[in-house]
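**Q** Letter by letter, the chains look like this.
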Amino acid sequence: MLLMQDMTKSFLGIRVLHSVSLDLAPGEVHAVVGENGAGKSTLMKLLSGEHTPDGGRIEIDGTPVAFDHPAQAQAAGVGIIHQELALLPDRTVAENVFLGREPTRRGLVDRAAMARRTTELLAELHAEGIAPDTPVRELSVARQQTVEVAKALAADVRVLIMDEPTAALAEHEVATLFDLVRRLTERGLGILYVSHRMREIFALSQRVTVLKDGRLVTCLRTAETDVDAVVRAMVGRELSAYYPPRAAPGALGGPVLTVSGGGNDRLAGIELTVRAGEVLGVAGLQGSGRSALARAVFGADPFTRGRMTLAGREVRPRRPREAIRAGIALVGEDRKAEGLTLRQSVRDNTLLVTRAVGVGERAGATTVARLLERVRLAGGGGAGQEVRYLSGGNQQKVVIAKWLAARPRVLLFDEPTRGVDVGAKAAIHTLVRELAAEGLAVLLISSELPELIGMSDRVLVLADGRPAGELPAGPSEEEIMRLATSGADRAGAA
Amino acid sequence: MTAASPSPALPAAAAPAAARWRRGLSDPAVGIWLAALGVTLLGWAVVAVRGGEFLTQPNITGILQNCVALGLIALGQTMVILTGSLDLSVAYLASLGTLVAAETMAGSDGNMVTAVVAVLALCAGVGLANGLIVTRLKVNAFIATLGVALILRGWIEDNYTGPAGDVSRSFQRLGYDRIGPVPVSVFLLVGVALALWFVLRRTRLGHHMYATGGDEHAARLSGVRTERTVVIAHVLCALCVGIAALFLAARFGAGSPWAGTEARYDLESIAAVVLGGTLLAGGRGGVVGTLGGVTVLAVLDSVFNQLAVDPFFKNVLRGVVIIAAVAVYARGRRSAGRNR
Amino acid sequence: MTATTATPIQARVRRGTALTRALGSALPVCALLLLLLAALAVTDAGFYEPDRFLAFVRRAAPLLLLAAGQYLVIVSGHFDLSVGAVVTTGVVAAAEIYHTYPGAHWLVVTVVLVAAGALVGLVNGLVTTGLGVPSFITTLGMMLILEGGVFYWTGGSPTGYLPDEFRAVGRQDAFGWLPWAVVVCAAVGAGVWWLMRSSWGRTLMATGDSERAAELSGVATGRVRTVAFVLSGAAAALAAVLVGGYSGVSAQAGSGMEFEAITAVVLGGVLLGGGRGSVLGAMAGAFALTALFTLLNLRGVSGALEPTVQGVIVIAAVALGAANFSRPRRRSPAPPAPPPAAPADRGPTQPSTGGPTP
Amino acid sequence: MRTHRAGRRLAASLAAVCAAGLLASCSSDAPPEGPPDPSGSAPSEDGGGEADEAEFFEEDEYQRQLALAGETPEGPEGRPWEQMLRPEMVDTGDYALDADQVHLCFSNAGVFNPWRQVGLTTMEAEVAEHEEIAEFTVLDAEGKDDKQISDIQNLSQQDCDLLIVSPNTTATLTPAVEEACRTLPVIVFDRGVNTDCPVTFVHPVGGYAYGAAAADFLVENVEPGGKILALRISPGVDVLENRWSAAELAFQDSELEVADVEFTEGDPAVAKSIVTDAIQRHGSIDGVWMDSGATAVAAVEAFEDAGLEVPPISGEDQQDFLQAWADRDLTAIAPGYPTFQWRTPVIAALKVLRGEEVPGEWVLPQPVITEETRDDYLAAEMPPLHYGLCGCEDLPGYPRDWGGR
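Residue numbers (the UniProt record's numbering), protein chains in the order written: chain A, 1 to 494; chain B, 1 to 340; chain C, 1 to 358; chain D, 1 to 405.
Rather than coming from a laboratory, the hints here were simulated on the basis of the structure.
Since the structure is predicted, the reported quantities are computational estimates derived from the model, not experimental observations.
C-beta: ideal position from N, C-alpha, C; glycine also.
Hints are not guaranteed to be accurate.
[To be verified] Part of the chain B face toward chain C, derived, beta carbon under 10 Å:
(1) L88
(2) I133
(3) L146
(4) L150
(5) E157
(6) N159
(7) G191
(8) V192
(9) L194
(10) L267
(11) L279
(12) Q306
(13) D310
(14) K314
(15) A324
(16) A330
Excised from the complex, chain A in its bound form (with noise of 0.2 Å):
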């Protein structure tokens, strides 16, 4: 029912999109997988009218459209749920799932039809615990994304784009997603489905199209294929081995970071210690309070309960700039808003830490030159151009880059590798490893089981905010869940 033909694009004069062609059926999930870069999101993007096409056409049951605006393709039944949640914090969840389409009775909003529809469509998402005329703000990150989906469906879309709609989830959430997903496909939605994850892909796609440096490589039944031959496609190379070997028990150092009963308006009863070389995996459903014990260590969100020693040496950070003093460095979550100051140069983004606290290496070209090296930024433009040109990988590594400047004694890595592309996330995790060996301590926090499992040493699980438990090197996805989904329900309902 939709025919993307030939569909060119270019930015700058680059092209980033030479004639790729697409098509879906009804009731069929397709998937879309490529390195960034590789041009999936434009290509979603031209469907959506984010972007106009430079080329090519798009038909929907056989009849030609263009869109110019993100309005025309909804008018045309094209819905797409974003990577960034796209809501106003500030208006109620009926105000959001209805923007732009707003209900009317004679020319006026019709505010009781607009409550009343929400409510059904979260009724259909199992979410009957949102109240239609909350403000969004007051809502959980998991619910916010609940709207984001009742948002699209509430246009009747007949083409559901997906771009990483798992990226903020954990995985009973993802559950959650994926019946939904069914669902809808049962009701004849054709749903475009980008993802980096191979295993949501294999679950649900009939088809999987592969892009690379914004050109089609191939199109493959799912039923056909497997991850390895998907991967090849993608990264045009095997890549044998994901996780770089753990550090040999023996070769683990003293403690460096321990907290015992840290807690705040978030967090309760922490306790953990990270020795030197050592990698500390942190798992936990979303909510969970995984990043709010990164933020607490790093003293955005500090401890106001319990006692943290940093080389034996008792610290209480209550901003960053004294817990990157005492030697802790935080690699966010949100590359964009918080780790990056996207128009400034790479080399200015680099020495940001050093400049602003005057710890670790001295602001120089030199320093930024081999702390680069270090991160092994490949490809760029030189240290002086702005990092928001960078693709998702050489943008976190730049991160890294500027965290290593400081010298820190504790790295903490929240979702380092978020929508960062196979080759870089290698890359990252061989990083990471090496930091580890050097005698940092790190602790690991990812919503990425595989990930969290090949990296850590020790996993420790959260569940509402408090320690639910803790696995020694390699635990299975099924003990690290039982654990984290121990306090679930009222973790799920947030």
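Chains B, C and D: place on chain A using the hints.
**A** Leaving out everything else, chains B, C and D in the frame of chain A:
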């Protein structure tokens, strides 16, 4: 994602009343009206102590009367600010409006309608220009409207040398009639306020204005025609200025080239809007707050008059009041948005 | 992948960043400036005789200073509307000081003024960063307070004369040919230029670009920004010394200068909302603005029409800049940067709010 | 949410008000019907509120002022603020008050420039002179026509015995003044209004005389063919337009050439730049005409800094100019728009309330300061922006209250 920073479980189903209550308290529109009431009582007390009487008919009339012009313009300003824009051209536009009105009327009631239409048309035009410069030429609203202000200024100074035109007698009644202690022009103000309040609450345009002001990118992705919304907001604003100009003309009986600028309507209107609790960034606030802000300023002014406060010192006090008020809102918002 | 995406990046660098790095966002203003200067040459052959040109620069000096100060505030994501009032206050206050202490040494008075200006900036900064009041409002209020305050103090008009030795800086020449004002400007300009290359400057720029990122990188954003306000206040006070020196006592020395300064800075390609722009651009903008006034004057454009022409040119210039170079953060849909960067340009707040809101 | 409920409340209360309003007697503060009287004692400086420049020139008013400027006023010697030219006395018997204590009210346009500052100070000092004035209420409109209208309405409804008005704008305040006239005696000064309802209108001879005096001086003192630079504050101010139109006329029938007419916004910095440019463009400037003194010194300095002889120049009675004039002994003249006129309304008010007759239009003399008379007005102890023609030397509190030492 900003939203991705984990937030505590807060099932909206549980204790929504509490949530609403908290929201209620953190809403400036309520606060500013309480403030207005407070200032009035204070003024009444202070003046009473000094053996005067504050709430006399002349005073009340005066206060209400002083609300109208600034009120109308501030209402317009509210529209653009909510949408995330800004209009610095209102002062000169008001001046030009009075001149056009007075000259078109030329003293005869016959031309009244023509004049009204002319003024509103002119303003709509200027508003449209503002909107298009901001959206199409992508000039920052601050600079865009500042530039338009300069253009208008040049036009006025080049074509007018002092008061001009003659407003017909029956039209002047708009500026002078009153029902009991309430000037009719106040009903005009309230009328416009109701209309705009209705637009914001009950029309798609209104919803889209809040959305555009709140997060233009998100709004656009949701299919809102953000640029169109901004343009319309500017036109609405300019129309309000037009109405204000008509009122001023009625009051002056003639057009005055410095009607808008001497009163510093550009900055004062913005101050009033923000005093009314509308977020300067857009996306939050509304006409109710703005009216409150205007009222507070008018009452304060009347109190200062009663106490014969040195006009220079008045400015100092005004400055302090505005900063203080906004500081309070900022505080409220922070504590309200703690769990973000 | 890195190898594969490398090529487009480098290409992009050549087209986009390399350019912007060279002259950057200041490119349009430099073009405009050259245009105006050329027009001036055509209009008035003698304009470039050294002494006349220097006299012209001397005249531009105060605005250049204000622009330099304003630049620091704007690039950090804020506004300073109080500079005009600071200039007025400065001149009137100086007169008042000399009225009370006729013998005061000019240097002392100058230092006192600059300190006072810095103090005003400090208050602006603390209220804005500490209490979370949008700088537009803070400095607007400060403007009212200063204007009201100084005239309340002096009873409506300056009460003293400015002695010649105080006025020398704004009026006399060094070595008989180089106006002191020019020296001051050059010094301040160089100072700011150097500051922006210092750690403080880079962190200031980072703060203006993304407050959250800066905060989480250990930048004391509040402190950094407050310093910017302080410097802006000090620069304004210094400008007051020049203005007072140039043209003597006046009750409205600085009226409207705040808008001229902001216009100049934006004209210079500095992004309202922060994070981008160079001080040279800002000062070039101020220079261009003064050149424009002079040109209109020499051209004998009806005094009344001058504002109109000015308005048109400002809008046009900024529109041009917006179109080609520093794309304003709001008003712009998803930017033509590749998808990875797309969400970056989601302008958090409207520039004129004075930076991010809590 | 909140806005919603608040809105409801608003709507409700509005409805109530409306209802109440309809019940309440519908009253109007609008001035009586019938077009305003444009002629009559239409004040000399009144532009008639017309857009067209030509409208600012009224031939007979022009002639009248030139004549008046030459006449010697009636009234006490040395007290110009009590003198009057061609008085046509009107009877004020019906306003007579037998109370020995009076309450005067004053609606002031504002104190937004030094001239008005000096004036107000002078007026308050004058009031202090008369102990029979029990109360003196001043409302300051801060230059806002709208506010001054409200002020006038407010005052005319208080227990004032007499209302003094210094209008911010001529035409726009006419309705309000007419309204006030119905309830109490009104005295207007400085600027006029388009109505003859006030008991008297106090003002100096006027703008034509001012402009002409300065222009004639230049015509006499500048070599024929000389280039004149005219510096004006800003376009569109009726008072100033009159001064210029008179000067324009004078220059037209002279040998002089008006090289440039520029606006300074009253900002010395701008003035200085303009003069500098003009000197450069025209090689030389042989005379400078100004419609007000605010920027005179800046102009003088422009010539100095250019290393040139300061040509004949016209200024005003501000101390800094008189000082510069004396120090550099310039060829200069300073026509004045005397601030002593702020004393007269108070005097007139008391006369009116005593039932004594006053001139229907109280035209004050308008001294022109020349080489000879300069030193009488030059007071070293006074601040630079003080006006020499304040006639305040004999008042209590002089010189301190005027900022002097």
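**Q** Now tell me, hint by hint, if it's right for this structure.
**A** Going down the list of hints, with the structure as the test:
1. For the restraint placing L88 (chain B) at the interface with chain C, the shortest Cβ-Cβ distance is roughly 8 Å, inside the 10 Å limit, so the hint holds.
2. The restraint placing I133 (chain B) at the interface with chain C holds, with a minimum CB-CB distance near 6 Å, inside the 10 Å limit.
3. For L146 (chain B), the interface hint holds, the least distance from its beta-carbon to any beta-carbon of chain C being 6 Å, beneath 10 Å.
4. Interface restraint check: L150 (chain B) against chain C, minimum CB-CB distance 3 Å, threshold 10 Å, status holds.
5. For E157 (chain B), the suggested interface contact is upheld, since its CB lies about 4 Å from the closest CB of chain C, less than 10 Å.
6. Restraint check, N159 (chain B) versus chain C: the minimum CB separation of about 8 Å is within 10 Å; hint holds.
7. Interface hint at G191 (chain B): violated, since its Cβ lies 29 Å from the closest Cβ of chain C, which is beyond the 10 Å cut-off.
8. Taking 10 Å as the C-beta contact cut-off toward chain C, the hint placing V192 (chain B) at the interface is violated, the least distance being around 25 Å.
9. Annotation: L194 (chain B) was flagged as interfacial toward chain C, and the flag is violated, the nearest CB pair being 27 Å apart, outside 10 Å.
10. For L267 (chain B), the suggested interface contact is upheld, since its CB lies about 6 Å from the closest CB of chain C, less than 10 Å.
11. Among the interface hints, the one on L279 (chain B) holds; its C-beta lies about 7 Å from the nearest C-beta in chain C, closer than the 10 Å criterion.
12. Annotation: Q306 (chain B) was flagged as interfacial toward chain C, and the flag is violated, the nearest CB pair being 19 Å apart, outside 10 Å.
13. The criterion of a C-beta within 10 Å of any C-beta in chain C is met by D310 (chain B), whose closest approach is roughly 6 Å, and the hint holds.
14. Given the 10 Å rule on beta carbons, the hint for K314 (chain B) holds: about 7 Å separates it from the nearest Cβ of chain C.
15. Of the supplied interface hints, the one on A324 (chain B) holds, with its beta-carbon coming within about 9 Å of a beta-carbon of chain C, less than 10 Å.
16. Because the closest C-beta pair between A330 (chain B) and chain C is about 4 Å apart, less than 10 Å, the hint holds.
Hint violations for this structure: numbers 7, 8, 9 and 12, all remaining hints satisfied.
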